[in-house]
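Spelled out, the chains give:
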Amino acid sequence: MTLVIDSLVKTFGEVRALDGVSFSVGPGEVFGFLGANGAGKTTTMRICLDVLRPDSGTVTWQGRSNVDLPRRTWGYLPEERGLYAKMRVLDQLVFFASLRGVPAADARSTALGWLERFRIPDYAGRRAEELSKGNQQKIQFIAAILHDPDVLLLDEPFTGLDPVNAALLKEAFLEMRDEGKTIVFSTHQMETVEELAESIAIVDAGRIVVAGPVREVRASSGRVFVRLAVEGDTELAWLTGLDGVTVTRRGQDYAEMEVARDRDPETILRTALDRGLRVTRFEIADPTIEQIFVERVGKVASDERTLAARGAAPVAAGAGGPR
Amino acid sequence: MMRLLRPRRTSAAAAPVPDAVPHRPGERLLPNAAIVARREYTQRVRTRSFLLGTVFLMLAAFGAALIPAVVGIIEGQMTTKLAVYSAAAGLSFDPVPIIETSLNAATTAGPAGPGSSSAPSPTATPGSSASGSGDGGPEFVVTSVTALDAATAALGDGAYDGLIVITRGAGGDPAYSFVTDAAPDGRTAFYVRQGATAVTLQDRVERLGITATQASGLFAPLVFDVEPADASRPAQSAADQASRIFTSNILVILIFITVITYGTWVAMSVAEEKSSRVMELMLSAATPRQMLAGKVVGTGGAGLTQYAGILAAGLAGIVLQGPITEAILGRGGGDAPALPGLTPEVLVLFVAFFALGFALYALIYAAAGSLVSRQEEVQQVVTPLTFLAMSGYFAAIFAATAGSSALWVIFFSYFPFTSPYVMLVRMVDGTVQPWEPLLSLVILVPSVLAMLVVAARVYSAGVLLYGQRPTFRTMLAAMRIRR
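Chains as they are written, first to last, in our numbering: chain A, 38 to 360; chain B, 625 to 1107.
Any given hint might turn out to be false.
Unchecked claim - If we take Cβ atoms under 10 Å as the criterion, some of the chain B residues that face chain A in the derived model are:
#: 1; residue: Asp643
#: 2; residue: Pro646
#: 3; residue: Arg663
#: 4; residue: Thr666
#: 5; residue: Ser899
#: 6; residue: Arg901
#: 7; residue: Leu905
#: 8; residue: Ala910
#: 9; residue: Thr911
Think of the hints as simulated: they come from the structure by calculation, not from any bench.
We treat Cβ as the ideally placed atom computed from N, Cα and C, and that holds for glycine.
Please model the complete structure; the sequences and the hints are all you need to start from.
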């Protein structure tokens, strides 16, 4: 284990933002960090970067405490995007890289390469305020990786991007993984987690509620789901009559149901065939990360908690800043 | 421990709950402070407001430097024409040259106050000081007229600015009547009266039958010396002292304007980083001390660049004064005014005090800028600092008039927040020992470094505060955090 986050506790006034957060990320691993707004994701990342100090607990990378690590170890994409509005794109990329000790000429050529890859080479001389949100986000991503850091901390890297830009950024993201970088990213998009993350941790109100490799997390719940689609019938009213089957989703494309543990999911397929239906999809699956997230965190409850926490804490560090 | 001794504050929930960016002792100021300074400088000098402001101020300085030449040109083209009618007076000599000489000599010598009672010498020969006017042509042109009616009519037409009618009065002395639109207690009337006095004295001398030799003995200059009470201190004329006060005022105002203008720039720049959230990225890349030091140096450098431009334009104006006056009037202009007390040593020390004084104040401005969340709120936190800078300014202005030896002046010339101002005043005054400004600097340098540490501490906490009103208490709470 290389990146070890051990029992972090952090209190802002009366609000306990982190209450013993621990998880570890293997070398070259892509780690998804999930949680509702205000759950403690940004605070954890800031502690890793040594922008905040925890009340207790430690962060180590390859056995070295983060307090002693050089700053260029980390590449950071903050959730609150921010660039110098009046500064030219290339100038600020070189500026951020040179603060981490990258020679200006190297930073310049690498940055130009990335602008090329992100299909915005013409923007090198533009001022940041002239760029669209999506393009600013690409600049921000380049700023996070330009100094060739070992660990990437990406806070909501794919939020607010159109599909084309999201695909571009994902490609770059995977390239970073292939280069052997350790990546911790947070997101609200559960599909993205399933697509990219090898391991995850779900944090709620400053505590880790579940953590581990994605497959294990999904299997560990013990729940079984079936996805079924038949030709010419989207209602599937007959499912309601089956014992031990709870329909969780009735979509135009397919229906999803949870099957009680003591039931054989294949009875559903058998019943459908017995009824003379033409089955186009039948899938037995573990719950999705989204289902686990909702089960463990409880969306409504956590949103209420977030609002309460914001009202009580004038310091925005834990909540990412009220707008 | 404090909890045990003090009652717990009841408003704990409303009190700010600051946190702070930790200080990492291993990290040096350089090279990151220099990188930040370079960004700050280049970004600042590229802004339109900087360019326009600099050009405007350069033009203003150039124009201001040309004012003496312009005044000279206007004055040079303005002559006051006076007519003298003396037929009825029965004078044995021509009064016109005496009056003209007296008028032009008096105006060239500078405006003597009405309290001055020095009588012009009646033996002054016409033409002896006619060329005394450094500005070239005479200000007063006096002509003799023989027809009173014609002269009165010409006065009404504006051909003359005044008519002096000389008659023989009851007591035998000449009597004068000055017909003019000019103010009766004005400058022209005053000088005409002096001219008339000279004519009367000359007339009395003639009537008493005193010879020219006797007369010159009668009006010979007397011996009158003023000795300094303290022989070790050089005696300064009132004019010299006034000029020195003027010089130190200029230097002090330069520092004051720099502090409040460029200090506000520093505060704005910090607030901008905070409101644009670029701070998030900066904090992961550089320490608060690196950022603060870089900001102050970079912005101060931009300010110095602006000053250099203004100074160059002003000097160009001063150098061009002569040629411009010459081109327009066809003769040489006056000498450029020199600032007494502004020796090269004082200038070098001025630059040192200027830079350190600015750094000291700018660090406070930076810390203040970190306490607000939006740029629009900067003015709120900057205003009290303007008063702080102003107190140093006032101390210096009072010191300039109080004299350099007052004990409180000496104290403030070493106290860090006022020493850049007050020591300058003492230096210009010329009454300090050579080691005194150096000691003042020796105190100032560690003060700036200490301020960097304190300001960085406020800043470390300030940049993490969002949505709080910037109060003195917030600042204190922010400083109390130990990292």
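Hints and how they fare:
no.	hint	result
1	Asp643	6 Å, holds
2	Pro646	5 Å, holds
3	Arg663	5 Å, holds
4	Thr666	8 Å, holds
5	Ser899	9 Å, holds
6	Arg901	3 Å, holds
7	Leu905	6 Å, holds
8	Ala910	5 Å, holds
9	Thr911	9 Å, holds
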